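Add 14 to the 1-based position in the sequence shown for the numbering used here, that's all there is to it.
Rather than coming from a laboratory, the hints here were simulated on the basis of the structure.
In this text the structure is predicted, and so the values were computed from the model without any measurement.
Keep in mind that a hint or two might mislead.
Within a straight-line C-alpha distance of at most 30 Å, the following computed BS3-like cross-link-like pairs (lysine-lysine) qualify [unchecked claim]:
1. LYS16 x LYS32
2. LYS54 x LYS32
3. LYS54 x LYS38
4. LYS16 x LYS38
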Amino acid sequence: MKNIADNIRLYVSAWNEKTPEAIKAILLACCEPNITYTDKQTPQFSGIDALVDLIMNSYQLVPGRVITLQSEPEYFDGHAYYGWGIIIPGVGERAGRDYMIYDENHRIVEIVGFLPVS
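Make the full structure from the sequences, and use the hints.
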């Protein structure tokens, strides 16, 4: 069985896939189907398909961007936190953070994203 750190790495890797099918396959491996997501710019939504749409739309907003895991996840009792980066061509890297809730099977059930400040 994967642990939550492995599933966080999978989740971050989904943000670098280029097709909806590849993104969805990764998300289904690490997230609950009814996952919820929110950040400062995104009202809370639920579902893998909506998360796939968010990831695909991010390519239109920031063409050529790459997402990286900047810090090892810290986690306990269903809560996880880690730092990530977005590399923006011609701009550089900006740091963000995510807080997650995960279940007893180490699958991600909720994400609260903290986006980089421009």
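- Go through the numbered hints given earlier and state which of them the structure violates, listing their numbers in rising order. Per hint list: zero violations.
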